[in-house]
Amino acid sequence: GDSVTQMEGPVTLSEEAFLTINCTYTATGYPSLFWYVQYPGEGLQLLLKATKADDKGSNKGFEATYRKETTSFHLEKGSVQVSDSAVYFCALSDRAGGGSQGNLIFGKGTKLSVKP
Amino acid sequence: ETGVTQSPTHLIKTRGQQVTLRCSSQSGHNTVSWYQQALGQGPQFIFQYYREEENGRGNFPPRFSGLQFPNYSSELNVNALELDDSALYLCASSLVTFPDTQYFGPGTRLTVL
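Residue numbers (my numbering), protein chains in the order written: chain A, 470 to 585; chain B, 20 to 132.
Mixed in with the good hints, there may be bad ones.
[What the hints assert, rightly or not] Sample of chain A residues with no beta-carbon within 10 Å of chain B, all distances over it, derived:
no., residue
1, T497
2, E538
3, V551
4, S552
5, S554
[To be verified] Label-pair distances were calculated between CB atoms; the ranges are:
no., chain 1, residue 1, chain 2, residue 2, range
6, B, N78, A, E538, 27 to 33 Å
7, A, T497, B, S92, 40 to 46 Å
8, A, G530, B, A99, 44 to 50 Å
[Claimed, not checked] Some, not all, of what chain B presents toward chain A, calculated at C-beta under 8 Å:
no., residue
9, L58
10, Q60
11, G61
12, P62
13, Q67
14, G75
15, G77
16, F79
17, P80
18, A106
19, T120
20, Q121
21, Y122
22, F123
23, P125
24, T130
Source of the hints: derived by calculation from the structure; they are not laboratory data.
Glycine included, every Cβ here is placed at the ideal spot set by N, Cα and C.
Using the sequences and the hints, build the whole thing.
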């Protein structure tokens with residue numbers, strides 16, 4: 470079945486460092502791809518998304534490009550801040566899994582800690 | 020515009036008991052999905068409701084059941100609780116025009132003793 474694999478954390482960076490969190494996926498169809506962020510004690514917030522190959526999703530300085538040839542959707546940010554400390558989840562929409570709207574399949578999450 | 024809300028925030032139950040969790044969708048959303056997030060893991064899809072019918076289910080046993088109401092709010096019911104049911108339960112709703120984009124509530128933390 471469809472699946473998502475993320476780089477293991479935790480990732481610890483200094484403020485203003487460059488961030489990359491790797492994400493690769495396996496899917497039989499053409500899923501949409503997402504990055505969600507979870508701050509301590511909270512639910513998930515949609516960070517960005519891409520719906521087809523070569524689309525670039527971006528939000529709050531974060532970017533990710535849907536690469537069909539490498540089945541990847543790596544998250545990047547040029548200069549992280551302390552406030553970016555959170556757990557980041559890569560996900561895909563599994564239309565093949567049933568449901569008219571598609572359910573989401575998540576990776577295990579990558580914890581990011583940014584030090585001042 | 021009100022976001023997705025869930026109640027209660029926290030809940031403690033004992034093995035064998037039954038629990039009901041509640042979710043109110045974001046305004047205008049007609050689809051509700053429920054996810055289970057074990058500690059240190061990504062969320063796992065339980066099931067989805069669309070127009071008050073179950074419309075997709077993950078790999079969860081029948082003791083996990085749900086309802087969706089005409090106002091699109093939803094309930095998740097779990098019978099015969101087991102220790103492994105301890106998790107954060109997340110509800111997500113989506114707009115009919117953007118079906119893949121799901122908006123999550125803050126979750127209900129269930130502890131089974």
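Taking the hints in turn, this is what the structure says about them:
Against chain B, the non-interface label of A:T497 holds: every CB pair exceeds 10 Å, the least being about 16 Å. Taking the minimum C-beta to C-beta distance to chain B, about 22 Å, the non-interface status of A:E538 holds against the 10 Å cut. For A:V551, the requirement that its beta carbon stay farther than 10 Å from each beta carbon of chain B is met, with the minimum near 22 Å. The beta carbon of A:S552 sits about 19 Å from the closest Cβ of chain B, which is more than 10 Å, so the claim that it is off the interface holds.
At the 10 Å boundary, the C-beta of A:S554 stays outside the reach of chain B, the nearest C-beta of that chain being 16 Å off. Taken as a hint, the range 27 to 33 Å holds for the pair B:N78 and A:E538, whose Cβ atoms sit roughly 30 Å apart. A hinted range of 40 to 46 Å is violated for the C-beta pair A:T497 and B:S92, which are about 33 Å apart. The hinted range of 44 to 50 Å is satisfied by A:G530 and B:A99, whose Cβ atoms lie roughly 47 Å apart.
The criterion of a C-beta within 8 Å of any C-beta in chain A is not met by B:L58, whose closest approach is roughly 11 Å, and the hint is violated. Checking B:Q60 against chain A: minimum C-beta separation of about 6 Å stays under 8 Å; hint holds. Checking B:G61 against chain A: minimum C-beta separation of about 3 Å stays under 8 Å; hint holds. Proximity of B:P62 to chain A holds as hinted, the smallest CB-CB distance being about 5 Å (cut-off 8 Å).
This hint holds: B:Q67 has a C-beta 4 Å from the nearest C-beta of chain A, less than the 8 Å allowed. For B:G75, the shortest C-beta to C-beta distance to chain A is roughly 3 Å, which falls under 8 Å, so the interface hint holds. Given the 8 Å rule on beta carbons, the hint for B:G77 holds: about 7 Å separates it from the nearest Cβ of chain A. Taken as an interface hint, B:F79 does not check out: its beta carbon lies about 12 Å from the nearest beta carbon of chain A, beyond 8 Å.
Below 8 Å, beta-carbon pairs count as interface contacts, and B:P80 has none with chain A, the closest being about 17 Å; its hint is therefore violated. Look at B:A106: its Cβ only gets to about 13 Å from chain A, farther than 8 Å, so that hint breaks. The closest approach between the C-beta of B:T120 and any C-beta of chain A is roughly 6 Å, which is under the 8 Å cut-off, so the hint is satisfied. About 6 Å separates the beta-carbon of B:Q121 from the nearest beta-carbon of chain A, less than 8 Å, and the hint is met.
Because the beta carbon of B:Y122 sits about 7 Å from the nearest beta carbon in chain A, less than 8 Å, this interface hint is met. Against a cut-off of 8 Å between C-beta atoms, the interface hint on B:F123 holds, since the closest Cβ of chain A lies about 4 Å away. Restraint check, B:P125 versus chain A: the minimum CB separation of about 4 Å is within 8 Å; hint holds. With 8 Å as the threshold, the beta carbon of B:T130 stays out of range of chain A, its nearest partner Cβ sitting at about 15 Å, so the hint is violated.
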